[in-house]
Amino acid sequence: MNILVCLKQTFDTEERIVVENGRVKEDGVKFIINPYDEYAVEEALRLKEEHGGEVTVVSVGPSRFEEAIRTALAMGADEGILADDPALFGDEYTVAKVLAAIIRQRPYDIILAGNQAIDDGSGQVAVRLAEELGIPHISTLTKLVVEGNQVTGYRDAEGDVEVVQGTLPVVVTAQQGLNDPRYPTLIGIRKASKKPITRVTAADLGLNPDDIRPRTKVVDTFLPKPKQAGKILQGELQDQVRELIQSLRTVDKVIG
Amino acid sequence: MAKNVLVLADVRRGKLRNVTFEMLGAAHRIADGGEVSIAILGHGVEALAEGLGAHGADRVFVVDAPELEHYTPDAHRKAFMECVRAANPDILLFAHSAVGKDLAPVIATRLGAGQVSDVVDIEGTGDSLTFTRPIYAGKAFTKVQVTEGKVVVTVRPNNLTPAEGDLGKAGQVEKLAVSFGPQDLATVVKEIVQKTTSGVDLTEAKIIVSGGRGVKSAEGFKPLYELAAVLGAAVGASRGACDAGYCDYALQIGQTGKVVTPDLYIACGISGAIQHLAGMSNSKVIVAINKDPEAPIFQVADYGIVGDLFEVVPMMTELLKKELA
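Line by line, the protein sequences give chains A and B. When we follow the working numbering, the leftmost residue of the first sequence carries the number 774, and every step to the right adds one. When we follow the working numbering, the leftmost residue of the second sequence carries the number 102, and every step to the right adds one.
Read the hints as simulated data drawn from the structure, not as lab findings. Glycine included, every Cβ here is placed at the ideal spot set by N, Cα and C. Be careful, since some hints might not be right.
Covered by chain B, according to a simulated footprint, are these stretches of chain A (three or more residues, beta-carbon under 8 Å) [what the hints assert, rightly or not]: (1) 891-897; (2) 946-957; (3) 986-997.
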């Protein structure tokens, strides 16, 4: 089975965001595999263990993304592809076209990705990729079963679970709860350093940067107004509760 | 300049969700004199088409078919593209919900269009629109413009305001017949397991009662559900509570998990890790109940009670039962 995983490197979830000159500062930040993509990597490895085959990690981003790809290789993926040519960077429209161009050059049965990245949180790229490739997708899965050609995805839909069936090839996206990603072992880390990571450019993919130019632009980035710490209620617990409910009803008017 | 706007109605369990009216209100404002249309897709949904003129719709397209009973991207793409042909929109609005979030990138790709996701504010009208959206789950925000082509947007529930009063638009209902081929039925929904007990959905809830590690067990969520029932609230959880197995991951609020902006967020036994705060700190009013007075959650709370949630939450439930009776 040819298994592809789309992966993005993101800030660690515990990082605070600092904005300088209208941009998010990256200095000194700890980077991780986007947690949703990490579920996708883990699920890919489980599919490989069950069905055999190869897991290839595909990524579009700056050269620092290599570290995230190495982590996936240390977890057990077989090879990586990184499009780190700045001519290939842009918005979700661009990235989906670049991923599609990479993936069209290869055989694939299933493509896994996170349902969104924790930085931009737009949740577009994997779905756009499926549409670019002209194959179906099933998104936000908390369980995936592949039997022969048949794919069953358990989709988290606002708390309900939809059991969705389709056939390979397919794009599936991971929701948290899909699995518990493994940690790389020492042997895995050692092996990863010898696994291939191929870097690709616009020329390699036959893409004209003008054909994939972004459709959107960010005009400003800012922090929300800091929330003022409020009131710690005092006195007997019963009185605190009474005061709280009184305030919520009459001052804030958020309860009927 | 006038622009045509097409809204996808957000239908859940046979009803239009509020975000539908929020989108219509926004559509009316940004159309700048252009035509506002709404598409209603589903099975047995014709009755939902009535009265939408008051909310700002000039035209109401209905595609009613058994193939649309449950959401699948391919069948909904086929049906929605028929509405696009009929409405000829410049701007397309979807809810940032289970359906809208999934269908919007499909349509954007078909139209070769840019998409702005999870929008909380829209400034400007016609062809000069600026969208505000959270990044890092609300730790920061960006303002985004679409530079060319059609504009596809997903809108976060609870943030845009519906039109006030009756807009008196025609709301003319047009049924579209769509035939579905095998390629439109590439995936099928076999079964739906309804897990949300209260029926109040986290992302659209006006009030959320949320539990963390301090809830201590799955049974520990019981008083939270009782409080939620009195308030008509949804129940959420922190990653700590989900990782500990006290509740389903579907309830998780935070940078991984759902990002919510209710009117009232009641955090019970939640310490307030940065990744949780990112998912809820833009709520209008935050109440924190925690035994530890040093818990970071108090830094973002409007009201804090330092105490045991197993004492405080039942007291709140009892008092509210009396007051709201």
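Hint by hint, here is what the structure shows:
Coverage of the region 891-897 of chain A by chain B holds in this model, with 7 residues showing a Cβ closer than 8 Å to a Cβ of that chain against a need of three. Check result for the region 946-957 of chain A against chain B: holds, 3 residues qualifying (beta carbon to beta carbon below 8 Å, three or more required). Check result for the region 986-997 of chain A against chain B: holds, 11 residues qualifying (beta carbon to beta carbon below 8 Å, three or more required).
Going through the hint list in order, the structure satisfies each hint without exception.
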